[in-house]
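Given chain A, put chain B in place with the hints provided.
Residue numbers (this note's numbering), protein chains in the order written: chain A, 1 to 442; chain B, 1001 to 1626.
These aren't lab readings, by the way, just hints derived from the structure by calculation.
Note that the structure is predicted; figures quoted are calculated from it, not measured.
Idealized CB from N, CA, C, for every residue including glycine.
Be a bit skeptical, because a hint or two may be false.
Unchecked claim - Here are the simulated distance ranges between beta carbons:
1. B:S1536 <-> A:A116: 25 to 35 Å
2. A:V149 <-> B:P1597: 42 to 52 Å
3. A:L151 <-> B:F1052: 29 to 39 Å
4. A:S100 <-> B:H1598: 54 to 64 Å
Said to hold, decoys possible - Using 25 Å as the maximum straight-line C-alpha spacing, the simulated PhoX-like pairs for lysine-lysine come out as follows:
5. A:K211 <-> B:K1456
6. B:K1498 <-> A:K271
7. B:K1579 <-> A:K213
8. B:K1066 <-> A:K94
9. A:K115 <-> B:K1534
10. A:K289 <-> B:K1173
11. B:K1085 <-> A:K271
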Amino acid sequence: MSFRKVFSLPTLFSMVLFVALLGNQFAQAQNQDTTAVSISAATDTASAAAASPAIPTLISTDVDTTKMSWNLGDGQGNKVEIGKVETDYSAAYKSFAYYSLLFFLFCVFIGIIGKALRAYELTRAIQGKTEGINWNRIQGVLFAFALLVGLYGAYWSYTNQGSMINHTSGSVHGEQIDFMFNVTLVITTVVFVITHILLFGFAYKYIGSNKRKAYYYPHNNALERLWTVVPAIVLTVLVLLGFFTWRGITNISEADQKKALNIEVTGEQFKWTVRYAGADNQTGLRNYKLTTPTNNLGIDFRDQKSWDDKIAGDIVLPVNRSVRFTINSKDILHSFYIPEFRVQMNAVPGMPTYFQFTPKYTTEEMREKTNNPTYEYVLLCAKICGSGHYNMQVKVKVVSEKEYQEWLVQQPLYYNDDVKKEMQMASQKAAAETNKMAFNTK
Amino acid sequence: MASTAIHDTAAHHDHGHHHETFLTKYIFSQDHKMIAKQFLITGIIMGVIAMFFSVLFRLQLGWPDKSFPILETFLGKWAEGGRIKPDFYLALVTIHGTMMVFFVLTAGLSGTFSNLLIPLQLGARDMASPFLNMLSYWFFFLACTIMMGSFFVESGPASAGWTIYPPLSALPKAIAGSGLGMTLWLISMTLFIASSLIGALNYISTVLNMRTKGMDLWRMPLTIWAFFLTAIVGVLSFPVLVSAVVLLIFDRSFGTSFYLSDIVLQGQILPNQGGSPILWQHLFWFLGHPEVYIVLMPALGITSEVIATNSRKPIFGYHAMVYSLIGITVLSFIVWGHHMFVTGMNPFLGGVFMITTLIIAVPSAVKTFNYLATLWRGNIRFTPAMMFAIGLVSFFISGGLTGIFLGNAALDINLHDTYFVVAHFHLVMGSAAIFGMLSGVYHWFPKMFGRMMDEKLGYLHFWLTFIGAYLVFFPMHFMGLDGVPRRYYAFTEFEFMKEWLTVNTFISWAAIIAALAQFAFLYNFFYSMFYGKKASQNPWESNTLEWTTPVEHLHGNWPGEIPTVHRWPYDYSKPGHDKDFIPQTTPFSETMSSNLPHDFEGNVEAEQVQEKWVKENKKPAARQKA
Chain A
1 MSFRKVFSLP TLFSMVLFVA LLGNQFAQAQ NQDTTAVSIS AATDTASAAA
51 ASPAIPTLIS TDVDTTKMSW NLGDGQGNKV EIGKVETDYS AAYKSFAYYS
101 LLFFLFCVFI GIIGKALRAY ELTRAIQGKT EGINWNRIQG VLFAFALLVG
151 LYGAYWSYTN QGSMINHTSG SVHGEQIDFM FNVTLVITTV VFVITHILLF
201 GFAYKYIGSN KRKAYYYPHN NALERLWTVV PAIVLTVLVL LGFFTWRGIT
251 NISEADQKKA LNIEVTGEQF KWTVRYAGAD NQTGLRNYKL TTPTNNLGID
301 FRDQKSWDDK IAGDIVLPVN RSVRFTINSK DILHSFYIPE FRVQMNAVPG
351 MPTYFQFTPK YTTEEMREKT NNPTYEYVLL CAKICGSGHY NMQVKVKVVS
401 EKEYQEWLVQ QPLYYNDDVK KEMQMASQKA AAETNKMAFN TK
Chain B
1001 MASTAIHDTA AHHDHGHHHE TFLTKYIFSQ DHKMIAKQFL ITGIIMGVIA
1051 MFFSVLFRLQ LGWPDKSFPI LETFLGKWAE GGRIKPDFYL ALVTIHGTMM
1101 VFFVLTAGLS GTFSNLLIPL QLGARDMASP FLNMLSYWFF FLACTIMMGS
1151 FFVESGPASA GWTIYPPLSA LPKAIAGSGL GMTLWLISMT LFIASSLIGA
1201 LNYISTVLNM RTKGMDLWRM PLTIWAFFLT AIVGVLSFPV LVSAVVLLIF
1251 DRSFGTSFYL SDIVLQGQIL PNQGGSPILW QHLFWFLGHP EVYIVLMPAL
1301 GITSEVIATN SRKPIFGYHA MVYSLIGITV LSFIVWGHHM FVTGMNPFLG
1351 GVFMITTLII AVPSAVKTFN YLATLWRGNI RFTPAMMFAI GLVSFFISGG
1401 LTGIFLGNAA LDINLHDTYF VVAHFHLVMG SAAIFGMLSG VYHWFPKMFG
1451 RMMDEKLGYL HFWLTFIGAY LVFFPMHFMG LDGVPRRYYA FTEFEFMKEW
1501 LTVNTFISWA AIIAALAQFA FLYNFFYSMF YGKKASQNPW ESNTLEWTTP
1551 VEHLHGNWPG EIPTVHRWPY DYSKPGHDKD FIPQTTPFSE TMSSNLPHDF
1601 EGNVEAEQVQ EKWVKENKKP AARQKA
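Chain A with its partners taken away, still in its complex shape (with noise of 0.2 Å):
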């Protein structure tokens, strides 16, 4: 096949070093045109970037540069094509070409310690040698070092990265949760380090070899039944215990839920809005056909509750108090994560989900024991929901009882002037409509 005259080895290789030296060419090329074409641009966005505002960088070729904001012209209302400037890659494919022929030459040098050892087993088996390189029993042992050095690898990342974590849960139920994560965690790395010792050792001590049989041995019903039920037996345990810890924190009593602080979250993209529920410890009713740039929320606020809920910046929570979160959305699915409360719910557009838990630490508190003075506890997104999901952040304080009373009275209410005059405005349109339609007039 004339197909494989193509494919050959060395026609494939010298394809290669000669598109490696054009494209080297190529790029030496475009850096000498453009390094004159560049330097008169650059005078050229050197002083239309003095009289106005950032202008970027790179400027692409299929800008029109007539039509920028940027461009002030030639100060008689002229528009003035700044600098046909192409934008200068040439640094880009040079060092691209680079690292790729790096790439290239290395996979040539394997290759020629592939060929050399090849050589080497050749001239053995000419000289009648049979025993070329055991390639068997050196991947057998590199299988007794990987375990020692994966153990040791497993071990390193358990303490240096471990040792990273934020042991300590800032709430009640944290604890549960941190301590039901241990049990789990010394359950599956005994397991992990046995059966690895035992796959890597069983690897490396049965190399074969020509000179002894393996030990046909096909089945053994006791043993099937021995590590059928002991992993089942485990692993009831910790359904078990998480079963109950699940329950303890989402089961709430219709008693406790009356004696939570309530605060409500909305999530939207990209940003969290607080609402607390003030003194009467509801939230008032929210609609969101209500919505306007006014009343985000859409609360309504011809229900009272409303009247005394707060808008906040940060969330600020008492310590030792219990504290139930309502969750809403206004678009799409977000979900309110705050790691060292080990609390988590998904805010869902058209369903309020909750969360309730009581802060153990204050942040104070929290800054003494991870010794980090500028420790913050912190609200964050934890379900894809666009190109800002990256960055919804809020702060939230734990502190006393008293520091939170104070805070609280400062907070601005949402039932403010501007939503009241809002609501005017509304109720006088609907009026005039309504005698509108009382009198049959258009």
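Frame of chain A; chain B shown alone:
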């Protein structure tokens, strides 16, 4: 138990009159072996593309403040100033996930090996419906093309994560990728599901109806059991995703409100009422969870075969392995809610799904222990396929154990949608399942292409990938434990995340090196296809039926009659036999010195014949420890 095989005669397959054109032989082939190769090569190409995307977004994560001008040449407005835009970052993450889970690990794994091995290992001429088989591949190819096509539309590809939760995926204004790109994703996936369903129905029919004489269900290799059960899971679960997709298409294009309610998007009040995003999640994960077992089970089946063959030992606990697969199959349908612990669904459901999820860990554990027992006292031959199979067991253990954390609803509160989840599924799917696929490629390359792959390159590929994968995914567990969420464009905005920036850089380096290591495989694969050493008929000295076919591909697989099967596929290193393997086609009459009473399955006459022979030859029957 006699099989209900369709006995065809040799005369039927005299293809002297069968005119094959280039189109019918290579493009619209209805030969299962060619279709398997088509699936494999397409799967590999999609894998390389999806891996390239992962390198791109790892560039952003590893070096969040650096600009790479070369990116702007290729990506234009999506990487203005040499920095990938947040929208496009999410698009890359979405398509990476979609391609890897569906195109590479479902089509590329199931499609390839089920097609290749089911007829060959069962003793069938071809699949039950070769025409549907061909359609299955072309629907898949079309799906790939449309998915790639979504990169060439102005608003970009789908960007709501591979799980495309509405309302984000239903509202084009919420993110650009939810416009035309999302529509193309939905069309692509519909075609893909059609492809998978056609394939699955074919596999099930072939396994149930077209086994050769003597091939009882309990004599099938574990690979076939795995493919068979995978197909059943697929048939029952993929249609649910179709229904979810249809409802989403309605919400997007026809003004319905299946998933939408009470929405004010960027100041605009939307008219939809009464729907729930949670409905989508239920429908999606009803497929989504079985899907991950569709990805994993073929890999486990391949591993069983490769480990047994290369340890020269029967797979330990063949029946237990089958029952475990069946257990996983059944249980996989009742655990989907563990993806939804923090959605706001009734906490009672959370408790229920936690229980079922932790139960499914039991059959997985049993399989792992059986693999270890197979290696014990084996005579191990480290072919590259064997290396990858051992690597799979390692990743399966590591990834499976972290699943125990996530399956626990209380722990999941803090771990959901964090890097802990990313680490978990990349270990089980992105490492274990891919290793299963690679193991299969190395092992059955001689069968597919009649040539051998280079062994040394295979070793190099294995070690670089194995180490690279652990270096990339192990640290992610700790990131997740510290509360770092997934699908974040950058870690630079939060104080507590800043300490992980250096770890990110390390992971990105490891990922780039591991990605480059795949060139060892790609070169090996494509070069050996043409220039590899010519393979013998049974290079691995394996027992299964596919190695009894001639090296040169034959339409109809066997010249003459299909062989009859007399025994199970795991008679390796049987005491009393001179060689360390006995192919399935060898009758018991030819192996009198190694027959065990157990082999006769209660056939009294056969047992008596054996006893007589043993007495006459004064050889003690091989003592078998029960």
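Structure-based check of each hint:
1. B:S1536 <-> A:A116: 25 to 35 Å: Roughly 27 Å apart at Cβ, these two residues keep to the hinted range, so it holds.
2. A:V149 <-> B:P1597: 42 to 52 Å: 47 Å, holds
3. A:L151 <-> B:F1052: 29 to 39 Å: 33 Å, holds
4. A:S100 <-> B:H1598: 54 to 64 Å: 60 Å, holds
5. A:K211 <-> B:K1456: Distance of about 24 Å is within 25 Å: holds.
6. B:K1498 <-> A:K271: 21 Å, holds
7. B:K1579 <-> A:K213: 10 Å, holds
8. B:K1066 <-> A:K94: 18 Å, holds
9. A:K115 <-> B:K1534: 19 Å, holds
10. A:K289 <-> B:K1173: The given pair, whose Cα atoms are some 19 Å apart, holds under the 25 Å limit.
11. B:K1085 <-> A:K271: 19 Å, holds
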